[in-house]
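Protein chains: 2
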Amino acid sequence: MNQGPLGILAGGGPLPGRVAQAARRAGRDVFIIAFEDFAEKAVIGGFPHEVVRLGAAGRIFAALRANGCRDLVLVGPVRRPSLLDLRPDAEGARLVARIGRAAFTGDDGLLAAVVRVLGEEGFNILGAHEILTEAVGRSGQLGRYAPDAQAEADILRGIDVVRALGSVDVGQGCVVQQGCVLAVEAIEGTDAMLARAGGLLRPGLGGVLVKMVKPGQDRRADLPTIGPRTITAAKAAGLRGIAFEAGGTFLTDTEACIEGADKAGLFLVGVNADLTKDKTSALPGSTQ
Amino acid sequence: MNQGPLGILAGGGPLPGRVAQAARRAGRDVFIIAFEDFAEKAVIGGFPHEVVRLGAAGRIFAALRANGCRDLVLVGPVRRPSLLDLRPDAEGARLVARIGRAAFTGDDGLLAAVVRVLGEEGFNILGAHEILTEAVGRSGQLGRYAPDAQAEADILRGIDVVRALGSVDVGQGCVVQQGCVLAVEAIEGTDAMLARAGGLLRPGLGGVLVKMVKPGQDRRADLPTIGPRTITAAKAAGLRGIAFEAGGTFLTDTEACIEGADKAGLFLVGVNADLTKDKTSALPGSTQ
Numbered sequence: 001m002n003q004g005p006l007g008i009l010a011g012g013g014p015l016p017g018r019v020a021q022a023a024r025r026a027g028r029d030v031f032i033i034a035f036e037d038f039a040e041k042a043v044i045g046g047f048p049h050e051v052v053r054l055g056a057a058g059r060i061f062a063a064l065r066a067n068g069c070r071d072l073v074l075v076g077p078v079r080r081p082s083l084l085d086l087r088p089d090a091e092g093a094r095l096v097a098r099i100g101r102a103a104f105t106g107d108d109g110l111l112a113a114v115v116r117v118l119g120e121e122g123f124n125i126l127g128a129h130e131i132l133t134e135a136v137g138r139s140g141q142l143g144r145y146a147p148d149a150q151a152e153a154d155i156l157r158g159i160d161v162v163r164a165l166g167s168v169d170v171g172q173g174c175v176v177q178q179g180c181v182l183a184v185e186a187i188e189g190t191d192a193m194l195a196r197a198g199g200l201l202r203p204g205l206g207g208v209l210v211k212m213v214k215p216g217q218d219r220r221a222d223l224p225t226i227g228p229r230t231i232t233a234a235k236a237a238g239l240r241g242i243a244f245e246a247g248g249t250f251l252t253d254t255e256a257c258i259e260g261a262d263k264a265g266l267f268l269v270g271v272n273a274d275l276t277k278d279k280t281s282a283l284p285g286s287t288q
Numbered sequence: 001m002n003q004g005p006l007g008i009l010a011g012g013g014p015l016p017g018r019v020a021q022a023a024r025r026a027g028r029d030v031f032i033i034a035f036e037d038f039a040e041k042a043v044i045g046g047f048p049h050e051v052v053r054l055g056a057a058g059r060i061f062a063a064l065r066a067n068g069c070r071d072l073v074l075v076g077p078v079r080r081p082s083l084l085d086l087r088p089d090a091e092g093a094r095l096v097a098r099i100g101r102a103a104f105t106g107d108d109g110l111l112a113a114v115v116r117v118l119g120e121e122g123f124n125i126l127g128a129h130e131i132l133t134e135a136v137g138r139s140g141q142l143g144r145y146a147p148d149a150q151a152e153a154d155i156l157r158g159i160d161v162v163r164a165l166g167s168v169d170v171g172q173g174c175v176v177q178q179g180c181v182l183a184v185e186a187i188e189g190t191d192a193m194l195a196r197a198g199g200l201l202r203p204g205l206g207g208v209l210v211k212m213v214k215p216g217q218d219r220r221a222d223l224p225t226i227g228p229r230t231i232t233a234a235k236a237a238g239l240r241g242i243a244f245e246a247g248g249t250f251l252t253d254t255e256a257c258i259e260g261a262d263k264a265g266l267f268l269v270g271v272n273a274d275l276t277k278d279k280t281s282a283l284p285g286s287t288q
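Protein chains in written order, with my numbering: chain P, 1 to 288; chain R, 1 to 288.
FYI, nobody ran anything at the bench for these hints, they're computed from the structure.
Nothing here was measured: the structure is a model prediction, and the numbers come from that model.
For glycine and all other residues, C-beta sits at the position ideal for the given N, C-alpha and C.
Possibly wrong hints are sitting among the right ones.
Derived coverage of chain R by chain P (criterion: at least 3 residues anywhere in the stretch with Cβ under 8 angstroms from a Cβ of chain P; other residues may be distant) [to be verified]:
id, stretch
1, 164-171
2, 180-193
3, 197-204
Just a sample of chain R residues kept apart from chain P, beta carbon distances all over 12 angstroms, derived [as the list claims (entries may be wrong)]:
id, residue
4, 51
5, 58
6, 65
7, 71
8, 81
9, 144
10, 145
11, 158
12, 228
13, 264
A few chain P residues facing chain R, derived, Cβ under 10 angstroms [stated by the list, open to error]:
id, residue
14, 170
15, 174
16, 200
17, 221
Same shape as in the complex, but just chain P (with noise of 0.2 angstroms):
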């Protein structure tokens, strides 16, 4: 195959190592897009990559030609820019421009343009979780311990809540204690809110962290991610347990993730994206 390397526009966290380790397992070479501020050196340093702020459109377009990507993936989190602190070269104010500013609100909004505007601009978007796929997480229960019944119960009102917040792209977590909302994740990240939750949390069984996909997300754009820390961000702030979206989340490191709750006592449960008709369908409990 003459495809050339893979190209990976690379945010915080160590997915960004995980899919380029994952591309030449599977005999890709790969070329690293580091967004300055974000990606991790110790993460990115061992392959080929350029050091580009998030605004440097042209340079950004130039390197991963001369580098012969034509496709690219985008992994890991970055901060939405402000317009102001973007700074876009001239390629890039010509982009900001096509993308125009109302793809400024909602975080989706702008990732799905930036997926579009990599597709105008001759590039083909793929998914990190097509490459990385031993990393989504999978339906059911993951480690040692099953929700009960109220943690069921919980558990589906924060997929209620979650689908809520997204319908108007905010957010993709929340924290249920006992029916009662504790907390909603906006911008802050999960493990902000985790500790805020944490502070909240009333006397009784503990709550649930709940962590699904935007309805309508494209997939291509940043799936919710969780990962050792936030087994112990949760666990730190007397949750009980973690449901995620199946087949839409990276458990960044499985093993790490299991034996963390596993120790921690919390459960980990991946839950069926299809609730629409039967939420109770979405419970590993009642598919198996």
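On the provided structure of chain P, position chain R as indicated by the hints.
Frame of chain P; chain R shown alone:
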């Protein structure tokens, strides 16, 4: 009129005292049930009252009946109790059974059930906004400052977000900056959300706070409230103004709010609730 004193079920903040004053000005006696850990002594101390635990429904009914109260008002925030820390008395346990555990999901589910049960017990529930009419925020620009185009766009986005949240019975507020939702309110309260939003603010034009009544919310339960402290917190968070639902929001001290907003350089606008068809008509600029 031999209608007996108005019974005031009082949570926190200054509004229970304001309702009591308004009732007295209208020539009616009052009797206050001051919820322990919520009602403030400085606010209710000057009126006949009894301090009662939230779960002590038997004592509450007995006190209301002993004082001849048939009309009741619920006013002032009460943090929703878990079933465990409610510690109901015998009458309370009977009511909890009647309300049903299901009502303990979502804030309004519970409040609406409480209003219903009080009605079944022979009480007549009034809305605090019907008594304290002068504290209900009106439509339009209240102070010296008006939202500009970016702020109007942020307000409309915030309305969408709060409505979506409200449809699943969560929160009443959010903070939007340049189209991006910085923070969404669950049970942490508006002040905590504002403090968080301040740390998430991005360069450029600051954000706006949007507070709305939940769709379908029983207005005899807890309405969104804005006070001078909200103005101070919004200013400290780097916001440019506050939009609230006209006719459905209490300004605990309208003059102090307007004065505070003017001093801080913030706008303060009441938006119309009937936004379903034409959202732009919600904004004061387009109705003037």
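Hints versus structure:
no.: 1; hint: 164-171; in the structure: holds (count 6)
no.: 2; hint: 180-193; in the structure: holds (count 10)
no.: 3; hint: 197-204; in the structure: holds (count 4)
no.: 4; hint: 51; in the structure: holds (22 angstroms)
no.: 5; hint: 58; in the structure: holds (22 angstroms)
no.: 6; hint: 65; in the structure: holds (31 angstroms)
no.: 7; hint: 71; in the structure: holds (30 angstroms)
no.: 8; hint: 81; in the structure: violated (8 angstroms)
no.: 9; hint: 144; in the structure: holds (26 angstroms)
no.: 10; hint: 145; in the structure: holds (22 angstroms)
no.: 11; hint: 158; in the structure: violated (10 angstroms)
no.: 12; hint: 228; in the structure: holds (25 angstroms)
no.: 13; hint: 264; in the structure: holds (22 angstroms)
no.: 14; hint: 170; in the structure: holds (5 angstroms)
no.: 15; hint: 174; in the structure: holds (7 angstroms)
no.: 16; hint: 200; in the structure: holds (6 angstroms)
no.: 17; hint: 221; in the structure: violated (16 angstroms)
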